[in-house]
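A.B. asks: Here is what each chain is made of, one letter per residue.
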Amino acid sequence: MTTPRTFFATLVAALLLIAGVNYTIARLAVNSIPRQVLRHVTQSPADVLLLGNSVMQAGIDEDAFVTGWKEHGSPVKAVNGGLGATGPVEHLLLCRVALQAQPNLRVLVYGCFDSMLTDPTQEDWWRLLGNNAMVFYTEPAVAARHETSTPLGAAAFMALGRIPMFVERGTLWARVERLRRQLGGLGLPPEAVNRFGRVADFQPGVAADDRGFRERFSRLAAERAPLSGAITEMLTLTHARGLKVHVVMMPKPPPQQARYRSPEWQAYVAHLRTLLTVYGADLIDADDWVQEESMFIDSQHLGPKGATEFSQQLGGRLARLPTR
Amino acid sequence: MKPLLEIKHWLEYLGGATDQRPRGFPRRGGWLLVALWWALLVCLIAAFCGQSSKFIYIDF
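As given, the protein sequences belong to chains L and X, one line each in that order. Counting with my numbering, you get residues 1 to 324 for the letters of the first sequence. Counting with my numbering, you get residues 1001 to 1060 for the letters of the second sequence.
The set of hints was computed from the structure by calculation and includes no laboratory data. Some hints could be false.
Stated by the list, open to error - No farther apart than 25 Å at their CA atoms in a straight line, the calculated lysine to any residue pairs in the SDA-like style are these: (1) L:Lys244 with L:Asp288; (2) X:Lys1008 with L:Phe7; (3) X:Lys1008 with L:Thr3; (4) L:Lys305 with L:Arg198; (5) X:Lys1008 with L:Leu11; (6) L:Lys305 with L:Ser44; (7) X:Lys1008 with X:Val1042; (8) X:Lys1008 with X:Gly1030; (9) X:Lys1008 with L:Thr2; (10) X:Lys1002 with X:Arg1023; (11) X:Lys1008 with L:Thr6; (12) X:Lys1008 with X:Gly1029; (13) L:Lys305 with L:Asp285; (14) L:Lys305 with L:Gly73; (15) L:Lys305 with L:Gln36.
Please model the complete structure; the sequences and the hints are all you need to start from.
C.D. replies: If you want it as structure tokens, here you go:
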């Protein structure tokens, strides 16, 4: 017969065991990729901070960027804070911690693509995991402002952000997913993979039809879509600190470049340039800077050789631009 | 059939479907075994529930 006493003893013991698991997960996650990037952007002295998602992470070679810059300007130190599978809120947080730790920063290079600057933040923060989960432990109060819209949502965001089993569940899921893929692939020919996983996973986003692409950007330009809240805050912050901001539309593989020459895309870029002028930021449209498809490892990311060439070219180009 | 019935009895007891302690279940400290069982289930659910999401960013 279960008595109230044994029931509560069982409950407390189960909760203690789960707390122990949480502690273990927190310890295992001290070297997670976002934490490594956070350490990199705060501990590597730099004048130039580069931020963005995986296109920036893969597309920038720090040494090549610095070499390119040095060829046309005074020597600089650069730090690449590109972090895969992240969005403007995570980039804002990285920017904030870098600005706090790095007194000599004078340039921010923000790599993006498509409508990343004007996409509103999705308010489904409970779905954030993997690298996105850094919003729960890097200035969570700032992240909550962008990820939630009600005080209750913000309170839930702050509370759940303290539970490692929730915040770091992506680490667990990644291990399970790897095992599942391994078992699912038994007896089948190997799938094409690169540093970001299965190449095929990155096809759907860019396989959208040209007409849909043109309609979308035509609408965004016509509606004068505003910059997202996180982007606005990042630009306001960097402008106040006297940093020069260069927004870079990252290179696309040659088969996709035609759509970025369309009048609809050009109208959207012109609209973005107007928005960025308020913050003294400029926009560099590097969509077609890389002309060899072999320089890309999939439909979105540059490979090591492509990154070296592009970074050198970008560094040289930025060195020739005014710094204020 | 007997082993299967015993396993069923154990699972029913651990799951709270019955109060009748199964044969071989420790008389003292059995509550700790139940706590361990439920903690293990919570952890297993937490580990495997990601498969319902389109989770592809495992190498980022």
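A.B. asks: Is the straight-line distance between the alpha-carbon of Lys1002 (chain X) and that of Arg1023 (chain X) 25 Å or less?
C.D. replies: Since the Cα atoms of Lys1002 (chain X) and Arg1023 (chain X) sit roughly 12 Å apart, the hinted pair holds (cutoff 25 Å).
A.B. asks: Are Lys305 (chain L) and Gln36 (chain L) close enough, with their CA atoms no more than 25 Å apart?
C.D. replies: holds, 24 Å
A.B. asks: Hint check: Lys1008 (chain X) vs Thr3 (chain L), CA-CA at most 25 Å. Holds or violated?
C.D. replies: holds, 22 Å
A.B. asks: Quickly compare the C-alpha distance for Lys305 (chain L) and Asp285 (chain L) to 25 Å and report which way the hint goes.
C.D. replies: Satisfied, since the Cα-Cα distance of roughly 20 Å is no more than 25 Å.
A.B. asks: Measure nothing beyond the straight line between the CA atoms of Lys244 (chain L) and Asp288 (chain L); if it is 25 Å or shorter, mark the hint as holding.
C.D. replies: holds, 24 Å
A.B. asks: Below or equal to 25 Å on CA atoms is what counts here, so check Lys1008 (chain X) against Leu11 (chain L).
C.D. replies: Within the cut-off at roughly 23 Å; holds.
A.B. asks: For the pair we were handed, Lys1008 (chain X) and Gly1029 (chain X), check the Cα-Cα distance against 25 Å.
C.D. replies: It holds: about 21 Å lies between the C-alpha atoms, which stays within 25 Å.
A.B. asks: Take a quick look at whether Lys305 (chain L) and Ser44 (chain L) sit within 25 Å of each other, Cα to Cα.
C.D. replies: holds, 24 Å
A.B. asks: Is Lys1008 (chain X) close enough to Phe7 (chain L), meaning Cα to Cα at most 25 Å?
C.D. replies: Roughly 21 Å between the alpha carbons, so the hint for Lys1008 (chain X) and Phe7 (chain L) holds.
A.B. asks: Taking 25 Å as the top limit, are the C-alpha atoms of Lys1008 (chain X) and Val1042 (chain X) close enough?
C.D. replies: holds, 20 Å
A.B. asks: Decide if the proposed pair is consistent with the structure: Lys1008 (chain X) and Thr6 (chain L), CA atoms, cutoff 25 Å inclusive.
C.D. replies: OK: Lys1008 (chain X) and Thr6 (chain L) at ~22 Å, within 25 Å.
A.B. asks: Is the straight-line distance between the alpha-carbon of Lys1008 (chain X) and that of Gly1030 (chain X) 25 Å or less?
C.D. replies: holds, 17 Å
Against the hints set out earlier in the document, no violation occurs for any number.
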